[in-house]
Amino acid sequence: MLSEASNGEALLRRAETRRRWSLAMPALIVIALFSILPLAVMVVYSFLTPGTYGNVVWQFSLDGWFSVVFERDLFDDTLGLADAHLSILGRSALLALATTGLTMLFGLPTAWFIATRPVATRAYWMFLITVPFWTNLLVRTIAIQEVIRADGTINRLLLGLGVIDAPIQMMFTNGAVLLGMTYVYLPLMVLPVYAAIEKFDFRLAEAAYDLHASRFYCLRRVIFPLIRPGIVAGSILVFIPALGAYVTPRLMGGGRAMMWGNLIDLQFGQGRNWPLGAALSVSLTLLVMIALVLSVRRFAGGGRSDV
Amino acid sequence: MSKRKFSVRHVPGAAPIAIVTFVALYAPVLILIANAFNAGPVIGRWEGFSGRWFVAAIGNDAFRNAALNSLIVAALAALISTSLATMAALAITRGRRLRGEGGIFVVLNQPLLVPEIVLAIALMIVLAQIKQATGYHGLGYLIVAHSTFCIPFAFMPIRARLEGMDLTLETAAMDLYAGRFYTFRRVTLPLLAPGILAGFMLAFVVSLDNVVVSSFVKSPGQETLPTYLMGELRRNLSSEIYAISALLLFASVTVVAASWLITRRKP
Chain A
1 MLSEASNGEA
11 LLRRAETRRR
21 WSLAMPALIV
31 IALFSILPLA
41 VMVVYSFLTP
51 GTYGNVVWQF
61 SLDGWFSVVF
71 ERDLFDDTLG
81 LADAHLSILG
91 RSALLALATT
101 GLTMLFGLPT
111 AWFIATRPVA
121 TRAYWMFLIT
131 VPFWTNLLVR
141 TIAIQEVIRA
151 DGTINRLLLG
161 LGVIDAPIQM
171 MFTNGAVLLG
181 MTYVYLPLMV
191 LPVYAAIEKF
201 DFRLAEAAYD
211 LHASRFYCLR
221 RVIFPLIRPG
231 IVAGSILVFI
241 PALGAYVTPR
251 LMGGGRAMMW
261 GNLIDLQFGQ
271 GRNWPLGAAL
281 SVSLTLLVMI
291 ALVLSVRRFA
301 GGGRSDV
Chain B
1 MSKRKFSVRH
11 VPGAAPIAIV
21 TFVALYAPVL
31 ILIANAFNAG
41 PVIGRWEGFS
51 GRWFVAAIGN
61 DAFRNAALNS
71 LIVAALAALI
81 STSLATMAAL
91 AITRGRRLRG
101 EGGIFVVLNQ
111 PLLVPEIVLA
121 IALMIVLAQI
131 KQATGYHGLG
141 YLIVAHSTFC
151 IPFAFMPIRA
161 RLEGMDLTLE
171 TAAMDLYAGR
181 FYTFRRVTLP
191 LLAPGILAGF
201 MLAFVVSLDN
211 VVVSSFVKSP
221 GQETLPTYLM
231 GELRRNLSSE
241 IYAISALLLF
251 ASVTVVAASW
261 LITRRKP
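Keeping their order, the protein sequence lines are chains A and B.
Counting from 1, position 31 in the first sequence corresponds to residue 31 in the UniProt record's numbering; the numbering is continuous, with no gaps.
Counting from 1, position 51 in the second sequence corresponds to residue 51 in the UniProt record's numbering; the numbering is continuous, with no gaps.
If we strip away everything but chain A, and leave its shape as in the complex, we get (with noise of 0.2 Å):
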């Protein structure tokens, strides 16, 4: 008898999961189809042998990773570091790195800032956060880019104001880029900062004070602490699009300031070597990857701050 009951409820059970996974599945088999298979298909390209005008020739050959970091002398045929590559993922790198610094640097303040407010008023300052986090980062793009081009908002202030005579160059640099990406990736350093700083119990920090903390000590020792899973979450949000970033390099930063996502553009546009070009998707995207399993981690070490 008792046996029996178990066995219907156990039976009833694996319908209830058999049911739920049927419901997932759609949007796991849209996924898998449309951003896993293609993925996969980019690894397999990456091994392959690039064809004369573009596309593949199915024949296995490591040169397209090979030549991500190598490249043959046209002349002599010696192996030599590839330094244009390296250059620009070099650049990709401190670049992606320099933006999350700049992101924190006025992200920080900001997001203490609207936690601070009064309560009625945060969800306000907030919507001005998530609106230009929301709005088309193309049309972003070219709103920094018109203040500092050439004819642009700065250059004909000073040139009206007579402080110049001649536009001052200020696109196609890194800095532009740096501008540019701190420009539209800073509301992702806000947000999940913002939502650790409103979560912070501020007796805490009134108990560091009571007990004679200077402010800066209570702000490194209380406050930091608590809310840096916040500041690790802003930092893998910024890093990752801004790694990766595409738009804003090609537009602030043309050709010769190009960053990894250009320079796989380049690959499989006029470079005409699809499998470097996939090589290097690939490794751009597992060194995402890497970072965000590292950080993740991090994060969850800090996760007892959860207070």
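Hints are all accurate, no fakes.
Far from chain A, by Cβ distances over 10 Å, these chain B residues were calculated:
(1) G48
(2) A56
(3) D61
(4) L71
(5) L79
(6) K131
(7) Y136
(8) E163
(9) T171
(10) L176
(11) A178
(12) V187
Label-pair ranges, simulated between beta-carbon atoms:
(13) B/G102 x A/F133: 25 to 31 Å
(14) B/G221 x A/R122: 45 to 51 Å
(15) A/I290 x B/P16: 34 to 40 Å
(16) B/S50 x A/R72: 57 to 63 Å
Think of the hints as simulated: they come from the structure by calculation, not from any bench.
All residues carry an ideal CB built from backbone N, CA and C; glycine is no exception.
Fit chain B to the known structure of chain A by using the hints.
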């Protein structure tokens, strides 16, 4: 009130930096919009206030086609991704922990974990094969591609809403002999509606704003608003380009504001 008391919430320098940040965030966009209202074609040479570039843009066939394509793709991609995301969110949140839930979660968010340019080119390679095999070059590819990367965006608010709804009401309905479907339609769905609407709107905006995937997946001659704008940028900047940018900005701000108003109502 006149003399400020010592406050633990006060950090010197935070407020000025925050104000600078807000100004820096909005000034470029406002400058862009202001320039779109210039009567003259050359940016920076002010010839009076006029909406003529907006009229010119809307009167332009290429712009109208691109806008129509954008709306069709965004509406269908939002519809598809929201439906799929709702089903997946129901699967994860209703009932006890599902084995393999973590795996479902990772797959649902996978499109966010891949750099956009990589996803765009990978899709281009795969879809080019299908285009060649079938001979079909329509909007379907853009709709499918957008539906895919919109799933995680639609999923977020829907799951958040579902996690805030406990199972008691649904259990009560079932106890009163409501069938599974009836319970869903009359209890779960009305409670979940704001989450679904928010998910739909976010998916719509994300699709409307997409440049990178669209420019690699679109067939020759096909344009969405952002790819059309990207193409126009190769020419000289003009007041008309700024007017198109302002229109695009206006479209996303409207949707975001609407979704904000909806999600502010608590469950």
